[in-house]
Amino acid sequence: MQYLLTLYSDESGWEKMTPEQQQQGVAAYGAYTQALSAAGVLKGSNRLRPSSTATTLRTTNNKTQVLDGPFIDSKEQLGGYYLIDVPDLDAALSWAGKCPGVGHGVVEVRAIWAMGPANYEQNAAEPAVAAAR
Amino acid sequence: MSPCSGALVRETAESVARHSYGKLVAFLAARSGNVAAAEDALSDAFAAALEDWPVKGCPANPEAWLLTVARRKLIDTARRRKNEAPADDFEIETESLVEPVDEGEVPDRRLGLMFACAHPSIDAAIRAPLILQAVLGLDAARIASAFLMSPAAMGQRLVRAKTKIRQARIPLRIPEREELPERLETVLDAIYAAFSEGWLDAVGTDPARRDLAEEAIYLGRLVTELLPGEPEALGLLALMLYAEARRRARRGPEGEYIALAEQDISLWDHERIRAAETALRRAGAIELIGRYQLEAAIQSAHVSRRRDGLPNWPAVVKLYDALLELTGSPVAAINRAIAVAEIEGPGAALAILNSVCGDARVIEYQPYWAARADLLARIGASAEARDAYEIAIGLERDPSLRNYLERRRARLPRR
Numbered sequence: 002m003q004y005l006l007t008l009y010s011d012e013s014g015w016e017k018m019t020p021e022q023q024q025q026g027v028a029a030y031g032a033y034t035q036a037l038s039a040a041g042v043l044k045g046s047n048r049l050r051p052s053s054t055a056t057t058l059r060t061t062n063n064k065t066q067v068l069d070g071p072f073i074d075s076k077e078q079l080g081g082y083y084l085i086d087v088p089d090l091d092a093a094l095s096w097a098g099k100c101p102g103v104g105h106g107v108v109e110v111r112a113i114w115a116m117g118p119a120n121y122e123q124n125a126a127e128p129a130v131a132a133a134r
Numbered sequence: 057m058s059p060c061s062g063a064l065v066r067e068t069a070e071s072v073a074r075h076s077y078g079k080l081v082a083f084l085a086a087r088s089g090n091v092a093a094a095e096d097a098l099s100d101a102f103a104a105a106l107e108d109w110p111v112k113g114c115p116a117n118p119e120a121w122l123l124t125v126a127r128r129k130l131i132d133t134a135r136r137r138k139n140e141a142p143a144d145d146f147e148i149e150t151e152s153l154v155e156p157v158d159e160g161e162v163p164d165r166r167l168g169l170m171f172a173c174a175h176p177s178i179d180a181a182i183r184a185p186l187i188l189q190a191v192l193g194l195d196a197a198r199i200a201s202a203f204l205m206s207p208a209a210m211g212q213r214l215v216r217a218k219t220k221i222r223q224a225r226i227p228l229r230i231p232e233r234e235e236l237p238e239r240l241e242t243v244l245d246a247i248y249a250a251f252s253e254g255w256l257d258a259v260g261t262d263p264a265r266r267d268l269a270e271e272a273i274y275l276g277r278l279v280t281e282l283l284p285g286e287p288e289a290l291g292l293l294a295l296m297l298y299a300e301a302r303r304r305a306r307r308g309p310e311g312e313y314i315a316l317a318e319q320d321i322s323l324w325d326h327e328r329i330r331a332a333e334t335a336l337r338r339a340g341a342i343e344l345i346g347r348y349q350l351e352a353a354i355q356s357a358h359v360s361r362r363r364d365g366l367p368n369w370p371a372v373v374k375l376y377d378a379l380l381e382l383t384g385s386p387v388a389a390i391n392r393a394i395a396v397a398e399i400e401g402p403g404a405a406l407a408i409l410n411s412v413c414g415d416a417r418v419i420e421y422q423p424y425w426a427a428r429a430d431l432l433a434r435i436g437a438s439a440e441a442r443d444a445y446e447i448a449i450g451l452e453r454d455p456s457l458r459n460y461l462e463r464r465r466a467r468l469p470r471r
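For the record, the sequence lines run as chains A and B.
Count the first sequence with my numbering and you get residues 2 to 134, in order.
Count the second sequence with my numbering and you get residues 57 to 471, in order.
Everything labelled a hint here was simulated from the structure, so no lab data went into it.
Do not rely on the hints blindly, as some may be mistaken.
Calculated lysine-lysine pairs in the DSSO-like style (CA-CA distance at most 30 Å, straight line) [unchecked claim]:
| id | chain 1 | residue 1 | chain 2 | residue 2 |
| --- | --- | --- | --- | --- |
| 1 | B | 220 | A | 76 |
| 2 | A | 64 | A | 44 |
| 3 | A | 17 | A | 64 |
| 4 | B | 129 | A | 99 |
| 5 | A | 44 | B | 220 |
So, partial list: chain A residues that the calculated Cβ filter (under 8 Å) puts toward chain B [to be verified]:
| id | residue |
| --- | --- |
| 6 | 90 |
| 7 | 109 |
| 8 | 112 |
Even glycine gets a Cβ: it sits at the ideal position worked out from N, Cα and C.
Please take these sequences and the hints and turn them into a complete structure.
Next up, the structure:
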C-alpha cells in the first residue's frame with residue numbers, strides 16, 4: 002500500500018534560521034530520505050519552492066481563472082512530500098513519526114487510491130476466486 | 057444434524073451470535089480490513105441459518121457453518137465488485153477467504169479488531185460505538201440511543217470509521233510490544249466510555265443503556281483473557297465490577313438518588329466485589345501502576361466499609377494523590393478534596409477546591425458545584441451554599457440526581 006506523506010510548515014521559520022541551522026535541517030531530511038531508501042520503501046520525494054511561487058487555477062462561471070498564490074491561505078504551507086510503500090497505516094505512521102517535518106510542522110498521511118489501467122485489465126483472470134471455491 | 061424446532065433454532069442462532077459474532081467478524085475482516093463487508097456477509101449467514109436449520113437440523117458446529125456461508129457471501133460480493141474496484145483490493149479481500157480453519161475452532165482475532173476500532177487515527181468519540189458494533193454486533197439505533205445521538209448520525213459516523221479502516225488500511229492486529237501500552241490505553245478508554253454511558257442509567261429504565269455496562273464488562277474481561285499480563289486491563293475490569301456491584305443500591309424504591317455513604321450495603325453485589333478484588337490483586341502483582349488500577353483501588357477503599365462499617369478515608373486521599381500526580385485531572389482533585397474533608401474538615405477541602413476553580417473544565421462540572429455547596433453548608437455559609445447548589449442543579453441532566461440536590465438545598469437553614 003502506498004501512502005503520501007505531505008509536509009506542512011511555517012515557511013518563515015526557514016528564513017529565520019542561520020546558515021548552519023539551515024544546513025543541519027537539510028542534513029536531517031537527507032538522512033531521513035536515505036533511511037527510507039535503505040529500507041526499500043521510498044517511491045518518491047520532493048521539496049517544493051516557497052508558496053509565494055504558487056499559482057492557483059479554478060473555474061468560476063465557466064471561466065478558468067489563474068490566480069497568484071497557494072490554494073489555502075494559512076501560516077503552514079505545503080513544503081514537500083514523500084511517497085512510500087509499506088504494508089499498512091501503522092507502518093506509514095511509524096515512518097511519518099520519524100520525519101523531521103514533525104519537529105517543525107505537520108505531517109499528513111494519506112493512503113494512495115490505486116487507479117490506472119493496469120488495475121482494471123486483470124478482470125479476465127480469476128485465480129483468487131478459483132482457489133477459494 | 058438433527059431436525060430442530062423453531063424456538064431451538066432461534067436460541068442456537070442467538071447464542072452463536074452472542075458468543076461468536078465478534079470472532080467471526082474479526083476473522084472475516086482480518087486481512088481485507090473490510091469490517092462492513094464482513095458484517096453484511098455475517099448477517100446474511102444468520103438469516104440463512106434461520107431458514108436452513110429448522111429444515112435440515114442444527115449443524116454440529118454452528119460457528120463453522122456460519123463462517124462457511126459468510127465466506128461464500130463475501131466471495132460473491134467481491135466478484136460482483138471486482139469490475140469496479142482495483143484488482144489488488146480484490147486479491148486482498150479474497151485472500152483471507154482461502155485460509156483454512158480447523159474444524160471447530162475459529163481463531164480469536166477480536167483483540168486485533170478492537171485495536172483497529174480504537175486506533176488513534178479513528179475519531180475518539182466513535183471508538184466505543186465502533187467496538188460495540190463490530191465486536192458485539194449491537195445495531196446503530198441501539199448504540200445511538202445509549203450515546204444520546206440520532207440513529208442516522210450514529211450510522212453515518214460508524215460507516216465513515218469503517219471506511220477509514222479499510223481505505224487507509226488500519227491493521228486489524230495487536231500492536232508491537234513497544235507500542236502496546238499506549239495503544240492499549242485507547243482500547244481501554246473506549247471500553248470505559250461504553251461502560252460510563254451504561255452507568256449513567258442507574259435504575260436501568262433504559263434497557264439499551266443498562267446493558268451497555270454489562271457489555272463493557274464483557275469486553276473488559278475479554279481483553280484480560282486475551283492479554284493476561286496487562287495490569288491496566290485488569291484494573292479497568294476491577295473498576296467496572298466495583299461500580300456495577302453497587303447498581304441496586306444507587307437508587308431508592310422511588311428511584312431517588314442515594315449517595316455512596318448512605319447506600320444499603322446488603323444491596324451490593326458481593327460476588328462482583330470479590331471478582332473485582334481478585335482482578336485488582338492480579339493487577340497489583342504485576343507491579344506497574346496506572347490510572348485504572350488507582351481508580352479501582354479507590355473503589356476498593358470505599359467498599360471497605362462492608363467489613364468494618366467505615367470507609368478508609370486516609371487510603372482514599374493517598375490514592376487520589378497518586379492519581380492526581382499521574383493524570384493531573386481536575387476531577388481527581390475534586391474527589392480528593394471530598395476525601396480530605398472527612399479527615400481535616402470542610403475548611404481544608406474548600407481551600408483545595410479554590411485552587412482548581414480556575415480550570416475551565418471545572419466550571420461546567422456538576423460534582424464540583426455539588427461538593428462546593430456541601431462544604432459551604434458544613435462551615436455555615438448557607439447563602440453561598442445555596443448559590444452553588446443552584447448551579448449544580450442547573451448542570452445536572454439526571455432528574456433523580458437533580459431532585460437529590462434540590463432536597464439538600466432545601467435543608468439549608470433560612471436566614
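Against the structure, the hints come out as follows:
For the hint linking residue 220 of chain B to residue 76 of chain A, the alpha-carbon distance of about 28 Å falls within 30 Å, and the restraint holds. For the suggested pair residue 64 of chain A and residue 44 of chain A, the alpha carbons sit about 36 Å apart, so the restraint of at most 30 Å is broken. Restraint check: the Cα-Cα separation between residue 17 of chain A and residue 64 of chain A comes to about 40 Å, which exceeds 30 Å; the hinted pair is violated. Taking the CA atoms of residue 129 of chain B and residue 99 of chain A, the gap is about 42 Å. The hint is violated against a cut of 30 Å.
Note on residue 44 of chain A and residue 220 of chain B: the hinted pairing holds, with a Cα-Cα distance of about 23 Å set against a maximum of 30 Å. For the restraint placing residue 90 of chain A at the interface with chain B, the shortest Cβ-Cβ distance is roughly 5 Å, inside the 8 Å limit, so the hint holds. Evaluation of the residue 109 of chain A hint against chain B yields a violated restraint, the C-beta minimum of about 11 Å exceeding 8 Å. A hinted interface residue such as residue 112 of chain A counts as satisfied when its beta carbon comes closer than 8 Å to some beta carbon of chain B; here the least separation is about 5 Å, so the hint holds.
Of the numbered hints given earlier, the model fails hints 2, 3, 4, 7; all others are met.
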